[in-house]
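Asker: Here is how the chains run, residue by residue.
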Amino acid sequence: MARPSSSGARRRVVSLLAAFTFLVMAVTGVLSFFRPFSISLVGLHALMGFCFIAFVAAHVVNNGRNLKGYFKSPVVWVVLMVSAGLSALFFFQPAPVKAILGLSQNLGPALDRFEVTADGMRYQYHPSPDYEIELTVQAGPAYDVANPPKIAIWLENQGGYHIKTLLGEVDEGEALPYWNFKRRGWEKARKEAEEQGEPDAVSSPTPNGSFDPADYILPAGPETSTPYKLLIEINAEADSHGVYPDQPSLVYAVEIDNVNPTVFQLPDLVGYPKREDEDGKEAWSLYFVDDSFGSAVDLIDSALLVIRRGGGLDTSE
Amino acid sequence: MNDESQTDRRQFLQKSLLGTTGLGMAIVSTSEVVAKPVPGEVEAGVTQEVDVLVVGGGTAGTIAAIQAGRAGASTLLVERGAQLGGTTTTGGVAFPGLFDAWGKQIIAGIGWELVKECVELDGGVFPNFAKVPRRHWQNQIQVNLFLYAILAEEKCEQAGVAIAFHEFPETIRATPTGWQVDCLGFGTRRRVLCKQVIDCTGGAEVVGMMGHPRLREKETQPGSMLFHLGEANDPGRHQLHQLYVHGADSTNSRTVTKANMTGRKSILAKLRKEKKRLMHLQPETGFRESYRIVGETMITVNDYTSGRLFKDAVSNAFYPVDLHTKSGVKPKPLKPGTVPTIPLGALIPKGSRNVMVAGRCLSSDRLANSGLRVQASCMGMGQAAGVAASLAAQNGATPLAVPLDEISRVLAKHGAILPGKK
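Chains as they are written, first to last, in this note's numbering: chain A, 1 to 317; chain B, 318 to 739.
Treat the hints as calculated values from the structure; they're not laboratory data. Check the hints yourself; a few may be wrong.
Subject to a maximum C-alpha distance of 30 Å in a straight line, what follows is the list of computed DSSO-like cross-link-like pairs (lysine-lysine) [as the list claims (entries may be wrong)]:
#  : chain 1 : residue 1 : chain 2 : residue 2
1  : A       : Lys274    : B       : Lys590
2  : A       : Lys98     : A       : Lys72
3  : A       : Lys229    : B       : Lys448
4  : A       : Lys274    : B       : Lys587
5  : B       : Lys628    : B       : Lys587
6  : A       : Lys72     : A       : Lys150
7  : B       : Lys628    : A       : Lys274
8  : B       : Lys730    : A       : Lys274
9  : A       : Lys281    : B       : Lys730
10 : A       : Lys229    : B       : Lys587
11 : A       : Lys274    : B       : Lys535
12 : B       : Lys628    : A       : Lys188
13 : B       : Lys535    : B       : Lys647
14 : B       : Lys421    : A       : Lys229
15 : A       : Lys150    : B       : Lys652
16 : B       : Lys652    : B       : Lys433
17 : A       : Lys191    : A       : Lys229
18 : A       : Lys281    : B       : Lys421
19 : B       : Lys433    : A       : Lys229
20 : B       : Lys590    : B       : Lys647
21 : B       : Lys652    : B       : Lys587
22 : A       : Lys274    : B       : Lys643
23 : A       : Lys150    : B       : Lys628
24 : A       : Lys150    : A       : Lys68
25 : A       : Lys274    : B       : Lys433
26 : B       : Lys628    : B       : Lys590
27 : A       : Lys229    : A       : Lys150
28 : B       : Lys730    : A       : Lys229
29 : B       : Lys643    : B       : Lys421
30 : B       : Lys590    : A       : Lys229
Okay, the calculated beta carbon distance ranges per label pair [what the hints assert, rightly or not]:
#  : chain 1 : residue 1 : chain 2 : residue 2 : range
31 : B       : Phe463    : A       : Glu282    : 36 to 42 Å
32 : A       : Glu255    : B       : Val442    : 25 to 31 Å
33 : A       : Val259    : B       : Arg451    : 31 to 37 Å
34 : B       : Phe463    : A       : Ala238    : 34 to 40 Å
35 : B       : Arg594    : A       : Pro227    : 47 to 53 Å
36 : B       : Thr494    : A       : Asn260    : 52 to 58 Å
37 : B       : Leu588    : A       : Glu282    : 39 to 45 Å
38 : B       : Arg533    : A       : Pro227    : 28 to 34 Å
39 : A       : Lys274    : B       : Thr494    : 27 to 33 Å
40 : B       : Val442    : A       : Ala238    : 51 to 57 Å
Where a beta carbon is used, it is the ideal one built from N, C-alpha and C, also for glycine.
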């Protein structure tokens, strides 16, 4: 029996390494789709991907002559077009693709998931394995499932300053002016703090001075924990009623207190935003909703905020 | 010596002073008035017969007295200090509230009339009640405390209310038609024969003298001493600085003396530390808590936070549950739409006759009291007590026996907002 040449052994080792790294990537990729986000799993998948690139490169070097033949075949153009089409499909994510992605249990690096259902909408935010926020909005009679209202969800500290947007598209700012105003103010303040080199303003030991949402949502301890608010701004397009050609957006809010935790909470209607100029600067304040509103107050039937702390559903208070 | 010669001598002294010092300092005002002679001023003993005696001319007492006077009852208002307004003026908490809730006014009547006139005369501004306040205190109304005290006095006089400053009840005895109350001031002993008493002393001191039970916590909320360091105070525009006075107790002259001296010492220490000028200092601590009565009805925190509409509700109230402790305060806001109410029974000591309270000593548990104790709510209950006491005096009845419809009718006539009514 002839001994294999050293170059043959090298080829086999490289090919097997490429195959096994691919196997690990495939398994971790599928698991990442079905399992909740895990940095261990995603880390394994990503780093193994780098190894795979290296092994594939070595594989190409080892088998260059044979591989050249593939590119001479006219089939290569079909393959390239199919690959480009799939890439575009998965990148731009039309509704059917989104529906498939919606089946994923992995909330991804953004740690959140938003879905529109026939009954309304559901938003989950899972910043750590021990902390999960779930907001379920039950559609009211004025809620059009085919053309759902614009919505933004964000967190504010006790001083009323935006600390994190959980959900909201910047190009929807005009439809959701209150959130947009708060968000822009936060971005400006954060930028100024960073330019002035104020590290404490970015991750401050003083809770109400911090730009880091983790200081509010997942404080290091009860002594540094302060209540914060979750706000919802919702607006349906062209919903005229009475004196309004288009009723303003409405803002709902609920306070979250990690020191005195409550599992189930109901956000309340706070008011509607109105522009005011304060010393020549744009400002938005909330005003109480009165009888002049119609369908806007029927967009939401009810909203339920559930916060699971310490894993699982903790119902002890 | 006649008035003219007095004036001449003062002018001479002022001119001499300016001339002597040569500093060119302007005397701020040279206009003068002369107080009218007080009948029987040389006599120590005074006897007075009235329908309603209001003890305590603070936030609630002033309104109770004006209301009783306007309702036709002969009324005497006895105040231990030198001016009306209590916490709003002497305490310096010159930002009464809250008159509104959830975009609507819920407390009006005489208290609102006084606050409104004060702000308008002072050129101040009102908060927009339609706007959602970012903080619970934002719709409190900034008033000029000096002006408020004078206007309160004027409204009492216009309502025919007699005022006795620097006096306080010494003994109280029940009579077949009401009460005999002996008051003591400096150089004055006053015997008051009245049909009804409204105790607006804050700590239900009169009710205590009558022998009715009262409640008190082992450790009460701190008081606040108000002051201003650095730049000049601008009354009616900005709130004063405040400093907690732990253990502040309004029960008697000894405890009040102790609280005031403690507060002033702390401010002196602060001033030395910060090296700023002291620009304003209130003469007395603002007290938050002492005794509460045990009433015919006790308002619990659940009643308060659920906005229970009592059958005998006579006034609204609105403020977060706001218990101050040694480590500060963490207000617990009321749920949207909630407007607590104050029943008549919470203003009447249990088993009593011919006596009511108004103000922070109403019958309530501690947490409910921490929200009920604020000024607008106290004004609302003051007006309700004024109506009930005057009707009781006129009908020869005790306040609990006065028909609620009649109380509501008179309250509405005098501009009050009745609970449960839009």
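Asker: Which numbered hints turn out to be false for this structure?
Answerer: Numbers 1, 2, 4, 5, 6, 7, 8, 9, 10, 11, 12, 19, 21, 22, 23, 24, 26, 28, 29, 30, 33, 34, 35, 39 and 40, in rising order.
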